[in-house]
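Q: Each chain is listed here by its residues.
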Amino acid sequence: QKEVEQNSGPLSVPEGAIASLNCTYSDRGSQSFFWYRQYSGKSPELIMFIYSNGDKEDGRFTAQLNKASQYVSLLIRDSQPSDSATYLCAVSGGGADGLTFGKGTHLIIQP
Amino acid sequence: EAGVVQSPRYKIIEKKQPVAFWCNPISGHNTLYWYLQNLGQGPELLIRYENEEAVDDSQLPKDRFSAERLKGVDSTLKIQPAELGDSAVYLCASSLAGVGSPLHFGNGTRLTVT
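First to last, the protein sequences are chains H and U.
If you're matching positions, the first sequence starts at 676 in the working numbering and goes up one per residue.
If you're matching positions, the second sequence starts at 8 in the working numbering and goes up one per residue.
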């Protein structure tokens with residue numbers, strides 16, 4: 676059973692600071708990694724995806740992947756109140772495996 | 008580009024009644040997923056289709072749940088009979104190139120079983 680672990684939070688961060696969200700996964704063969712943002716009562720929306728070790732930046736968002744440590748993170752710079760949401764980490768293995776989601780981290784940006 | 012379309016948005020039924028959800032994926036997306044999401048939890052995969060073939064239905068409770076994707080486009084998920092524990096949000100998603108490519112979700116159907 677593949678597992679994706681996230682701290683459920685809430686994680687409270689002051690406006691303008693860097694929010695750091697973390698995720699670990701159990702399947703060492705995992706190859707694709709995704710971060711989704713989900714506002715209350717809404718469906719998940721894709722924020723970032725990363726396939727290779729290292730960092731990937733997109734605007735205020737940076738995804739970091741360390742396959743040796745089975746660890747993926749999302750950094751949000753210059754956090755805004757509109758970033759307040761639940762952030763879901765999702766992992767896909769090789770072969771025919773589908774996407775496994777973590778339970779999500781609830782992020783609160785304090786004005 | 009139109010997104011993933013689901014209907015209905017909300018459904019309230021009594022236990023033991025049947026219910027069906029419909030999904031139209033993004034045009035050109037061959038892979039279609041049905042997920043279930045309970046409050047405070049991440050989405051859990053029910054079934055994945057590659058075109059019209061169900062390639063992963065290991066988590067689908069087959070005694071009461073069924074799904075189909077005729078012609079490899081629209082899909083329907085059915086529950087018969089519904090139980091109180093089936094109350095959840097049912098999410099449909101599609102992707103362009105199968106596993107490993109990003110999923111795009113519809114707005115979901117919130118089911119309440121009374």
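Any given hint could turn out to be false.
[As the list claims (entries may be wrong)] Here are the in silico distance ranges between beta carbons for each label pair:
| hint | chain 1 | residue 1 | chain 2 | residue 2 | range |
| --- | --- | --- | --- | --- | --- |
| 1 | U | Leu91 | H | Gly691 | 42 to 52 Å |
| 2 | U | Asn45 | H | Leu686 | 36 to 46 Å |
| 3 | H | Gly691 | U | Gln87 | 43 to 53 Å |
| 4 | H | Pro689 | U | Gly10 | 32 to 42 Å |
| 5 | U | Asn45 | H | Asn741 | 22 to 32 Å |
| 6 | U | Thr83 | H | Pro786 | 37 to 47 Å |
[What the hints assert, rightly or not] Computed list of lysine to aspartate or glutamate pairs in DMTMM-like fashion (alpha-carbon distance at most 20 Å, straight line):
| hint | chain 1 | residue 1 | chain 2 | residue 2 |
| --- | --- | --- | --- | --- |
| 7 | H | Lys742 | H | Glu732 |
| 8 | H | Lys677 | U | Glu90 |
| 9 | U | Lys78 | U | Asp93 |
| 10 | H | Lys778 | U | Glu51 |
| 11 | H | Lys717 | U | Glu90 |
| 12 | U | Lys23 | U | Glu57 |
| 13 | H | Lys717 | U | Asp63 |
| 14 | H | Lys717 | H | Asp753 |
| 15 | H | Lys677 | U | Glu51 |
| 16 | U | Lys23 | U | Asp81 |
| 17 | H | Lys778 | U | Glu90 |
| 18 | H | Lys677 | U | Asp93 |
Quick caveat, the hints were computed from the structure, so don't treat them as lab data.
Here the structure is a predicted model, which is why all the values come from computation and not from measurement.
Cβ coordinates follow ideal geometry from the N, Cα and C atoms, glycine included.
Q: Run every hint past the structure and note whether it holds.
A: Status of each hint after checking the structure:
1. U:Leu91 - H:Gly691: 42 to 52 Å: Between Leu91 (chain U) and Gly691 (chain H), where Cβ atoms are some 45 Å apart, the hint holds.
2. U:Asn45 - H:Leu686: 36 to 46 Å: violated (21 Å)
3. H:Gly691 - U:Gln87: 43 to 53 Å: Holds, at about 52 Å.
4. H:Pro689 - U:Gly10: 32 to 42 Å: Distance hint for Pro689 (chain H), Gly10 (chain U) holds at roughly 34 Å.
5. U:Asn45 - H:Asn741: 22 to 32 Å: holds (30 Å)
6. U:Thr83 - H:Pro786: 37 to 47 Å: holds (44 Å)
7. H:Lys742 - H:Glu732: holds (18 Å)
8. H:Lys677 - U:Glu90: violated (27 Å)
9. U:Lys78 - U:Asp93: violated (28 Å)
10. H:Lys778 - U:Glu51: holds (10 Å)
11. H:Lys717 - U:Glu90: Violated, because 24 Å separates the two Cα atoms, which is more than 20 Å.
12. U:Lys23 - U:Glu57: It is violated: about 31 Å lies between the C-alpha atoms, which goes past 20 Å.
13. H:Lys717 - U:Asp63: violated (26 Å)
14. H:Lys717 - H:Asp753: Cα-Cα ~24 Å, so violated.
15. H:Lys677 - U:Glu51: The hint holds at about 12 Å.
16. U:Lys23 - U:Asp81: The given pair, whose Cα atoms are some 26 Å apart, is violated under the 20 Å limit.
17. H:Lys778 - U:Glu90: Judged against 20 Å, a Cα distance of about 23 Å means the pair is violated.
18. H:Lys677 - U:Asp93: violated (23 Å)
In this structure, the hints that do not hold are numbers 2, 8, 9, 11, 12, 13, 14, 16, 17 and 18, in rising order.
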